[in-house]
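Student: If you want the building blocks of each chain, they are given just below.
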Amino acid sequence: MATDALRAQVAAKWQESFSRLNQNEAGIVGLLNFSQAWNIARECMRPRGLDEPDPQTQYDKATFQASFELLNKCRRLPILLETFLDDMRNHFPVIKQEVDQYTLEYQNTLDTTHILNLVFRLLQWYNKWIPRQELGTTLQSAFVLSFQTHMFSILSPAFVRGFQALCASTLPPTDPDAIAPEPNVKMWEAFETLGLLDRYENIIASVGYEHIEAHVIATCSGQWSESMLPELRKWMTDKVVPWMLLMYGRNATTADDAKAMLQNVGSRFDFHMAKTLCDLRTKEIFDIIIDFPDSSGALQDLKECLLRVDQRAALVHTLRKANHKRLLHPGADTRLILSQYVATIKCLRIVDPPGVLLFKVADPIRRYLRERPDTIRCIVSNLVGDDDGGDSLVDESEPIQPLQQSELEDYTDPNWEPEPVDAGPDFRANKPSDVISTLVSIYDSKDLFVKELQVLLAQRLLAITDDNAEKVEKERRNIEILKIRFGEAALQVCEVMLKDMTDSKRIDGHVQSQKTSIIHPTIISKHFWPMLEATEIVMPGQFRALQEEYAKEFSTFKPDKKLRWLPHLGTVHLELHLEDRTIETDVPPLEAAFIELFSEQDVWSMDDLIAKVGSSVDKAAALKALLTWVDMGILKEEGENTFKLLEVAETSTPREARTVSNAAMELPSAPSVQQQQAEQMRVYWKFIEGMLKNLGSLSIDRIQAMLKLAPGYDQTVEQLGIFMEAARQEDLVDVYDGLWKLTPK
Amino acid sequence: MEQVTSSLAPPRAPASNKSGHTASSQSGAGSVAKRLGNELMTLMMSSSPGISAFPKSDSNLFDWVGTIEGASGTVYAGLTFRISIHFPPNYPYIAPTIKFETPCFHPNVDIGTGTICLDILQDKWSAVYSVQTILISLQSLLGEPNNASPLNSDAAAIWNNQEAFKTQLLRNYRSLKDESA
Numbered sequence: 001m002a003t004d005a006l007r008a009q010v011a012a013k014w015q016e017s018f019s020r021l022n023q024n025e026a027g028i029v030g031l032l033n034f035s036q037a038w039n040i041a042r043e044c045m046r047p048r049g050l051d052e053p054d055p056q057t058q059y060d061k062a063t064f065q066a067s068f069e070l071l072n073k074c075r076r077l078p079i080l081l082e083t084f085l086d087d088m089r090n091h092f093p094v095i096k097q098e099v100d101q102y103t104l105e106y107q108n109t110l111d112t113t114h115i116l117n118l119v120f121r122l123l124q125w126y127n128k129w130i131p132r133q134e135l136g137t138t139l140q141s142a143f144v145l146s147f148q149t150h151m152f153s154i155l156s157p158a159f160v161r162g163f164q165a166l167c168a169s170t171l172p173p174t175d176p177d178a179i180a181p182e183p184n185v186k187m188w189e190a191f192e193t194l195g196l197l198d199r200y201e202n203i204i205a206s207v208g209y210e211h212i213e214a215h216v217i218a219t220c221s222g223q224w225s226e227s228m229l230p231e232l233r234k235w236m237t238d239k240v241v242p243w244m245l246l247m248y249g250r251n252a253t254t255a256d257d258a259k260a261m262l263q264n265v266g267s268r269f270d271f272h273m274a275k276t277l278c279d280l281r282t283k284e285i286f287d288i289i290i291d292f293p294d295s296s297g298a299l300q301d302l303k304e305c306l307l308r309v310d311q312r313a314a315l316v317h318t319l320r321k322a323n324h325k326r327l328l329h330p331g332a333d334t335r336l337i338l339s340q341y342v343a344t345i346k347c348l349r350i351v352d353p354p355g356v357l358l359f360k361v362a363d364p365i366r367r368y369l370r371e372r373p374d375t376i377r378c379i380v381s382n383l384v385g386d387d388d389g390g391d392s393l394v395d396e397s398e399p400i401q402p403l404q405q406s407e408l409e410d411y412t413d414p415n416w417e418p419e420p421v422d423a424g425p426d427f428r429a430n431k432p433s434d435v436i437s438t439l440v441s442i443y444d445s446k447d448l449f450v451k452e453l454q455v456l457l458a459q460r461l462l463a464i465t466d467d468n469a470e471k472v473e474k475e476r477r478n479i480e481i482l483k484i485r486f487g488e489a490a491l492q493v494c495e496v497m498l499k500d501m502t503d504s505k506r507i508d509g510h511v512q513s514q515k516t517s518i519i520h521p522t523i524i525s526k527h528f529w530p531m532l533e534a535t536e537i538v539m540p541g542q543f544r545a546l547q548e549e550y551a552k553e554f555s556t557f558k559p560d561k562k563l564r565w566l567p568h569l570g571t572v573h574l575e576l577h578l579e580d581r582t583i584e585t586d587v588p589p590l591e592a593a594f595i596e597l598f599s600e601q602d603v604w605s606m607d608d609l610i611a612k613v614g615s616s617v618d619k620a621a622a623l624k625a626l627l628t629w630v631d632m633g634i635l636k637e638e639g640e641n642t643f644k645l646l647e648v649a650e651t652s653t654p655r656e657a658r659t660v661s662n663a664a665m666e667l668p669s670a671p672s673v674q675q676q677q678a679e680q681m682r683v684y685w686k687f688i689e690g691m692l693k694n695l696g697s698l699s700i701d702r703i704q705a706m707l708k709l710a711p712g713y714d715q716t717v718e719q720l721g722i723f724m725e726a727a728r729q730e731d732l733v734d735v736y737d738g739l740w741k742l743t744p745k
Numbered sequence: 001m002e003q004v005t006s007s008l009a010p011p012r013a014p015a016s017n018k019s020g021h022t023a024s025s026q027s028g029a030g031s032v033a034k035r036l037g038n039e040l041m042t043l044m045m046s047s048s049p050g051i052s053a054f055p056k057s058d059s060n061l062f063d064w065v066g067t068i069e070g071a072s073g074t075v076y077a078g079l080t081f082r083i084s085i086h087f088p089p090n091y092p093y094i095a096p097t098i099k100f101e102t103p104c105f106h107p108n109v110d111i112g113t114g115t116i117c118l119d120i121l122q123d124k125w126s127a128v129y130s131v132q133t134i135l136i137s138l139q140s141l142l143g144e145p146n147n148a149s150p151l152n153s154d155a156a157a158i159w160n161n162q163e164a165f166k167t168q169l170l171r172n173y174r175s176l177k178d179e180s181a
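Chains as they are written, first to last, in the UniProt record's numbering: chain W, 1 to 745; chain X, 1 to 181.
Chain X extracted, bound-state conformation:
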């Protein structure tokens, strides 16, 4: 049953695979794709500086790659981070899964897995958010970390010492060009 849903639907995350859910997501696959298509259009047409994202392939709208540039005036200025965005089949009722692909030394980001601790990606998620709002939130999160609930306690500890923080940051950072080279 699941395979016939739609070529656009990714293998469903086990967490959302509850019985009784199948029918609704089947009919919803098309509308999710449509919503994602619209979000893509909005994102492309808006010229928010420093943020961008695009589907990995034209056959699967549920996996995107994003790019975030550190805002000027922050310690991240001039650095570019790649992120991966995975949308669940019942998006936008469930938040997308977002990870940093480029290692990011940041109080709210796990340096090893790239997992992000951001309220709107967890319990504060709402269907009115979009890729664009998430990317903007992430960009501002870089400059304004929430040190109260750190994932990376080392980073949280030295945040106040921006010089030391920058050194740590650059030690972990990998440029996109090196990546593709």
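Okay, chain W solo, but in the shape it has when bound:
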């Protein structure tokens, strides 16, 4: 039963299909017609070899159309399409063979013409096989899809490389003199037709990017004086945009159209250019800063690029790394680090006015500088214009202004702006302050600077010989300028020092008027001058007599004051009368003292000499003094540490009498801040003594807390512990149960 029903159903279906194919014609005429139409259609769509004639030449249009209509009526078109695509797939190996051949040739020669030929060849195949227009878009698009699928499946990576090279060859050359290749419109059309443009858009874009990169690096590397961006933009418009038009703007009819089409891709290219330039400048930033201000063009570029490309973090990172590697190491001179730091400040102000970048970059530099022992001295000597070569850190043009303290934010300021988004939590939105304020703010207090300034001023004032009023005036002018910066009160001590200089002259004038003396001392007030290294040279012979005479006159003039001589800080103008010659020279007092002793006897041992001048002189200094005379041919070393006066010049040692002036011109030494720290500790000891005496026994923490009362106390409790332990060693204090007390006397 079931079989019967099945049979009946199959018969019905068959009947239906037959009648559809047979077109309700008598017999099988319809079927024959269909068969013929099928053959014609298939034949005319069949993928052919390139040398076969086109189907149009065999069949006229009418027959062709009739066949298709017939097939359409019988709803056999989808089958036809499938058959066609099948045929195409079967024929593709032919194409693959050709493609492989071209690719191989390219691989062997690396000549992009082969690729170009390959593309044209593919296009030929494509044109040969594409179904006729009148067959409808369905058929065509099915063909295109299938053709491209097959084509891409047979294109090897080698082709992709070749294609990239081909695209690159169409770019305008970097060399402006070379003639740009004639735009090959046909090629681009072929690309488009074959779908290569869509498929390989990334590759084409990367070709463009690479071109831009190469151009930027070639033209901008090391070119910092001018801003390069405008020129680069012009280059983009002149050279790259026409090239892009070939690809992205083919269908544009008007300029506006093209513009709209290019807008998206164009901004991508522009971004890439900015990024490349930014990367380049970031890489060069350290040298750019060194070159500042000759590199301001590059900085302007960088600023603009950073607005477009977010590379700020990279910039900070690179610069910090460069600083670490090239600047902040023991080999770099402090002066150099300072000037680079100042240049960094100026440069990054240009790039990023709010100062976030600067803050991030400056932090390690400042920390490093704080650890350097001579930073303050460097800054201060620069402040007073004591630059022995090297540029001044401060711009002459910069107005002198008081030091600025970092202030709390003033929210009532109508121009107030919030902190930039990438500012760190401890970022201080300091207003652009002047360079000196920034440098001084490396340290927590400006007292250190003031102290160092005093030391330096002392050195410079003492180095002035022969009442050279001009130099004193110069120092005074310096101090006046610095007063504006540091405040009147802070520099009061300096004022006293300067006053001492003029007073000395006045007092000396008076003393001289009472009794002429050849000594012209500089009288300084002990309390206001930095600790001067005290050596107790006892001047022998006539020098002591002169000193004593002068001191006597002085105390009659100023009965409440007493002169304490610091002979080692002076210079002596000497005239030596020897048997055969007279020598005139300026020497430090120690040299003078020694040669004076030689007038008593001709041969001295060094130890005896030292004993004569008060045995506080160390051997090195004594030897140096003696060698000064040996150099001048006045003394001669005879045996170990024994010197003999040469009354008659020795001809065998015709040594040039060197000018000793440099020895005399050496700056008198005043202990630096560091040496003063030991002195400071003595002050703290007084405080500790005071508190222990009055408050009984105290714990170390309590002592530490109480020492805050001592001005400038900055030791840690550990350092204090070490200090106290040292005091215990000397039996000054004792400790029980963690409580310190004075040892009863």
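Treat the hints with care, as some may be off.
One-sided and incomplete, this derived list gives chain W residues near chain X with beta-carbon spacing under 10 Å [claimed, not checked]:
{"#": "1", "residue": "485"}
{"#": "2", "residue": "487"}
{"#": "3", "residue": "489"}
{"#": "4", "residue": "681"}
{"#": "5", "residue": "686"}
{"#": "6", "residue": "689"}
{"#": "7", "residue": "690"}
{"#": "8", "residue": "691"}
{"#": "9", "residue": "693"}
{"#": "10", "residue": "700"}
{"#": "11", "residue": "706"}
{"#": "12", "residue": "707"}
{"#": "13", "residue": "708"}
{"#": "14", "residue": "709"}
{"#": "15", "residue": "711"}
No lab work stands behind these hints, which were simulated from the structure alone. Yeah, the Cβ is synthetic: ideal placement off N, Cα and C, and Gly gets one too.
For chain W, the structure is supplied; the task is to place chain X on it using the hints.
Tutor: Leaving out everything else, chain X in the frame of chain W:
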């Protein structure tokens, strides 16, 4: 208002708490502290023998403890006296309040309260005086009492008899070591 002045300012003595004074002492608290800081520095750095003083704590500069040793050659030689020094908020325009903590048998010192009768601490006070000058004055007062205006009339009476005076003095005296022990 008063509490916010400054942690350095002590509760003000009622006598100086006049209206209209508040504002000036408020702004002055810092400068008083500064002056006291400077005086401390001077005192520490000068090495006047036998006198010394130091703030009780680092948070309050207005209360100090001082030590005076009797000068050699006087009946007080070898004795050490502890004193307390309290500075008013408007120091140095007003003299500090000073008392002997160690009982001191002396014509011008109240043996019970430690109050001192010294002209420069009362009507002769001047802003140019400092802790150091006060301490030096006190030290010399020990050896040279002003018997004309005694606080301790017993002491004034036997001053001329140094032997008896010394006995009385030592009877009242308490050594610092006993104190701390």
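Student: Evaluate each hint against the coordinates.
Tutor: Hints versus structure:
no.: 1; hint: 485; in the structure: violated (23 Å)
no.: 2; hint: 487; in the structure: violated (16 Å)
no.: 3; hint: 489; in the structure: violated (12 Å)
no.: 4; hint: 681; in the structure: violated (13 Å)
no.: 5; hint: 686; in the structure: holds (4 Å)
no.: 6; hint: 689; in the structure: holds (8 Å)
no.: 7; hint: 690; in the structure: holds (5 Å)
no.: 8; hint: 691; in the structure: holds (5 Å)
no.: 9; hint: 693; in the structure: holds (5 Å)
no.: 10; hint: 700; in the structure: violated (14 Å)
no.: 11; hint: 706; in the structure: holds (5 Å)
no.: 12; hint: 707; in the structure: holds (8 Å)
no.: 13; hint: 708; in the structure: holds (5 Å)
no.: 14; hint: 709; in the structure: holds (6 Å)
no.: 15; hint: 711; in the structure: holds (6 Å)
In summary, the structure is inconsistent with hints 1, 2, 3, 4 and 10 from the numbered list given earlier, while agreeing with the others.
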